[in-house]
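K.L.:
Use the sequences and the hints to build the structure in full.
So the protein lines, in turn, are chains X and A. Numbering-wise (my numbering), the first sequence opens with residue 1 and increments by one. Numbering-wise (my numbering), the second sequence opens with residue 1 and increments by one.
Bear in mind the hints are in silico, worked out from the structure with no lab data behind them. All figures in this text were calculated on a predicted structure; none of them were measured in a lab. Careful: at least some of the hints might be erroneous.
[Unchecked claim] Mimicking DSBU-like on lysine-lysine, the simulated pairs with C-alpha atoms at most 35 Å apart in a straight line are:
#, chain 1, residue 1, chain 2, residue 2
1, A, K326, A, K108
2, A, K326, X, K45
3, A, K108, X, K144
[As the list claims (entries may be wrong)] From the structure, some residues in chain A lie toward chain X, with a derived Cβ separation under 8 Å:
#, residue
4, M248
5, Y315
6, V339
7, I373
8, D405
[Claimed, not checked] Here are the simulated distance ranges between beta carbons:
#, chain 1, residue 1, chain 2, residue 2, range
9, X, M134, A, F147, 34 to 40 Å
10, A, P295, X, D94, 54 to 60 Å
11, A, M212, X, M137, 44 to 50 Å
Positions of the beta carbon are idealized from the N, C-alpha and C atoms, including for glycine.
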Amino acid sequence: MNNEILMAFINENTNNSAVCSVDQYDMLNVNITADQLIDLVDVLKNKQGFIYLTDICAAHYPEKVGAEFEVIYHLHNLIENQRVRLKVALAESDINIPTLTVHFVGANWMERETFDFYGVNFVGHPDLRRILNMDDMDYHPLRKQYALEDETRTDKNDTFFGR
Amino acid sequence: MSELIIKSTGQMISTETIDGDIATLNLGPTHPATHGIFQNILKVDGERILSAEPTIGYIHRAFEKLAEHRPYNQITPITDRLNYCSSPINNIGWHMTVEKLAGIEVPKRVDYMRVIVMELARIADHLVCNSVIGVDTGALTGFTYMFQEREKIYELYEEICGARLTTNLGRIGGFERDFNDIFHAKLNAFLKEFPVNFDEFDRLLTRNRIFMDRVIGAGPITAERAVEYSFSGPNLRAAGLDYDVRVMNPYSSYQDFDFSIPVGKDGDTYDRFVVRQEEIRQSLNIIRQALDKMPAGDFHANVPEFYLPPKEEVYRSMESLIYHFKIVMGETTIPAGEVYHSVEGANGELGYYLVSDGGRTPYRLHFRRPCFIYYQAYPEMIVDSVLSDAILTMSSMNVIAGELDA
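P.N.:
Have a look at this one:
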């Protein structure tokens, strides 16, 4: 298997609506919508041997209006050593995405972590609670609007470099 | 009599009475048998575990948020504190991620030097894990001997970078200095003495009838289940699947070395122990090969924007002064892009997902921490076993609190 065959397979299974590109590190990036995710992962897992979920994480792009959040999945075919990166853009107003726990048990904590830090709502997740932060925290700290430190502090002002 | 209540979430709780059948037991957060801050709320029926609910995050330090505010070279000390039993692997994995994104080619010599350091770190990590399995079964002796050997590895780190535990070892593009003569002398002594002592440790436990009876069948997991849980590293290999990043996606010239990947069969504590024992031998083998084949050349790539120039140069040449200033003030930028790079950490696939917007700090950095991912299988592995097996299972999974909580 190589990226071209995989790209053709993905296009076939998403009616050519997925945006695929191969980056300079030979990783196939596939941009899909949230409602395509479950079906695409299903065929990738059962027909193309992507049985290993390497990682789930998210990123926040506040300036991209209507696609402020991106959930990133890394899948790995261990037999043919092929990796693929799926990306799902989500709007802040509708931050829902189906859970992958139906396909991979191990997605459980990865999704809880993503929820904890970005507030992505994984619909159907069996136990969507915070995992690393305390339970009564009322915001999702990795979103870009939250500063690293208390903004009222003055002892760390750097007048020369402004940071 | 105790009575069972099933809550709407499906969680089973019990009313406790002293002579009731089911009791709730807090294993941790700070329990002397769990080497780190792990909390598990167990439901036990006598010695038998009915359910376990892990709570993690007690030493969460927001590394991913911190990383978004730090220049690239200042993120290396953060990676030290992930799996602190094998910091050099984390450091070098991070350097390689940045090099991949910045398009830096390192000399072959750097690759080989890195391989030596990473394999030393793997030995140190596996020694801690395996000797602690011994401690948890009641065999303290092997632990004291193996910690002397780990001390020698720490002395080797000291010769390379000056630090022992949180090493901050190497630089983006290579090393800060070449291996010195003391390092080579100490490494040669280590390669001579360690196998003898290690074999002694091996004889103490591996075929010891008492030890085998204690650990065989404790905390097993099947290969299918391990893959579903995204296991990696020795835990996955002990279950019978030979996935090793060093072989699958060779980095740092691992393709030049001849070594084998041990696999287990049952995925129980004994298999995990034996797989690690064999990996230590393979690591020694790799170190010897790397020393023999060590190419000549420079110990770092020609990327002055990541190297502090020699101090006397800073006073004499304009370029050195500029680079010195940019490195110290963290003004070195990296091209925009995104990259995923993974290395075979001591306990699994350690991945870095890095997004750069072309600035001085990462836009987003996510660590794929192997033990965060496989620790979620812990309840499944210990349910229906006895409490003392749960302790063994945890230590044999090599869950490191720093990496778990990031």
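K.L.:
Work down the list of hints and note, for each, if the structure agrees.
P.N.:
Verification of the hints:
1. A:K326 / A:K108: holds (27 Å)
2. A:K326 / X:K45: Distance ~47 Å between K326 (chain A) and K45 (chain X) Cα, so the pair is violated.
3. A:K108 / X:K144: violated (40 Å)
4. M248: holds (5 Å)
5. Y315: Interface hint status for Y315 (chain A): violated (22 Å vs cutoff 8 Å).
6. V339: holds (6 Å)
7. I373: This hint holds: I373 (chain A) lies near chain X, its Cβ roughly 6 Å from the closest one there, short of 8 Å.
8. D405: holds (6 Å)
9. X:M134 / A:F147: 34 to 40 Å: holds (35 Å)
10. A:P295 / X:D94: 54 to 60 Å: For D94 (chain X) against P295 (chain A), whose Cβ atoms are near 55 Å apart, the range 54 to 60 Å holds.
11. A:M212 / X:M137: 44 to 50 Å: Once the Cβ atoms are compared, 46 Å apart, the range 44 to 50 Å for M137 (chain X) and M212 (chain A) holds.
Violation of the numbered hints given earlier is confined to hints 2, 3, 5; the remaining hints are satisfied by the structure.
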